[in-house]
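Q: The primary structure of each chain is shown beneath.
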Amino acid sequence: MAAEGHGHSPIEQFEIKELLPINIFGVDASLTNSGAYMIVALSLIFGFLYFSTGGRSLVPTRMQSISELLYEFVANTVRENVGNQGMQFFPLVFSLFIFVLVLNLLGMIPIPGITFTVTSHIAITGALAIMVISIVIFYGLYKHGLGFFKIFVPSGVPLALYPLLIPIEIISFISRPISLSVRLFANMLAGHIALKIFAGFIGVLLGAGAWAILAPLPLALTVALTALEVLVAVLQAYVFAVLTCIYLSDAVHGSH
Amino acid sequence: MSPAEKGSDGTEGHLSPEDRAEFKRRSAEIGRKLDAARPQSGASKRGQGSKDGDSNALVGRALRLSTELIGGIVVGTALGWWFDTYLMPTVFGVKTWPLMFIVFFLLGSAAGMLNVVRSGMKMKTGPSDPSKGPAVPDDEDDVK
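Protein chains in written order, with the working numbering: chain G, 1342 to 1597; chain A, 57 to 200.
Chain G extracted, bound-state conformation (with noise of 0.2 angstroms):
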């Protein structure tokens, strides 16, 4: 009963497994686990936000009222953070929110051998940080020109102290989309191998003689681990957003 022994790994569970091999011209862009995954995010969200809302009562069902909590809660962090103008990127933040949202929680749902935490890999993290960060530079060059720039510049300072901190603002900039993507994946890859560590402690008690008795602790603490990870799956969903949105603010009005 050697969990180890059997390549339970706790890591396992963050393998890329290839389903669907496509070549494309030397590239390879076999379907894997992960971007099934995605899919089937993608159809669940598309799904579910395209029949909740096909109805468009006036008093909302409960699907319909589902999507709207969505729209009025991503919408309001929006405004709070970036005011009236970042309407205009409600529709990124939106989907991101939802996107790393659903990822998250499908990650929580427990299918042997299948499971899959997509947004436990910093590849997939990474590559929407740098979505986000390339769009707030870009926006905000074509909104202030070279201005943008003066969100390094602090302001109310010395100008002797300038070239301290411009190096200061500058990789605090830098390192904006490295927190924003290392806080997701990290959140997730720790979260998920301190459950299976814990899960994998029943079985190795159970199979201990008369240790077995102690088995019920590690099941209760994976249960309220359990709990736990849903809640940091919404929550780091949510910071993503939130971040995002101050990020966004940033292009949006210039200097700080």
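Certain hints may be false.
[To be verified] Residues from chain G shown here face chain A by an in silico Cβ test under 8 angstroms; the list is partial:
| no. | residue |
| --- | --- |
| 1 | S1513 |
| 2 | I1515 |
| 3 | S1520 |
| 4 | V1523 |
| 5 | V1580 |
In short, the hints are calculated from the structure, not lab data.
Positions of the beta carbon are idealized from the N, C-alpha and C atoms, including for glycine.
Knowing the structure of chain G, use the given hints to seat chain A on it.
A: The following block gives chain A in isolation, referenced to the frame of chain G:
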């Protein structure tokens, strides 16, 4: 609540007068409750909504601070290392190791601190800033 309860005496689809009165009373009651609740929620929506969001987001914000600090340090150090090992020797032909590495580690730490302080300030004052923009949704069209 189910219609089967009321109509089980053989009068399905046909409401007795007392049922009708009961239904009227209940619908009137719901109407009153809705009226009582509506202006209240409308008035307190802004304040309460953001307050709820704040308490919900507190954990998220706490989690955010740690990565802000680490992000700054990592980026600063990486930049310094890159300057030292690639940019300075190959582009400018100067040997600066480990000068840039150290300097940018310090700058990165400062940037990390700055990130933490900034998000800390945002938490304190709240992210909403009414002076940040006009309350016109589509004024972007004028700019184009």
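Q: For the hint on G:V1580, does the least C-beta distance to chain A fall short of 8 angstroms?
A: Where the cut-off is 8 angstroms and the nearest Cβ of chain A is about 4 angstroms from G:V1580, the hint holds.
Q: Taking 8 angstroms as the limit, does the beta-carbon of G:S1513 come near enough to a beta-carbon in chain A?
A: 4 angstroms, holds
Q: May I ask you to test the interface hint for G:V1523 with respect to chain A, counting a Cβ-Cβ separation under 8 angstroms as satisfied?
A: Holds, about 6 angstroms.
Q: Let me know if the C-beta of G:I1515 comes in closer than 8 angstroms to any C-beta of chain A, holds or violated.
A: For G:I1515, the interface hint holds, since the closest Cβ of chain A sits about 5 angstroms away, which is under 8 angstroms.
Q: Should the interface hint for G:S1520 be scored as holding, given a Cβ-Cβ cut-off of 8 angstroms against chain A?
A: 3 angstroms, holds
In the structure shown, no violation is registered for any of the earlier numbered hints.
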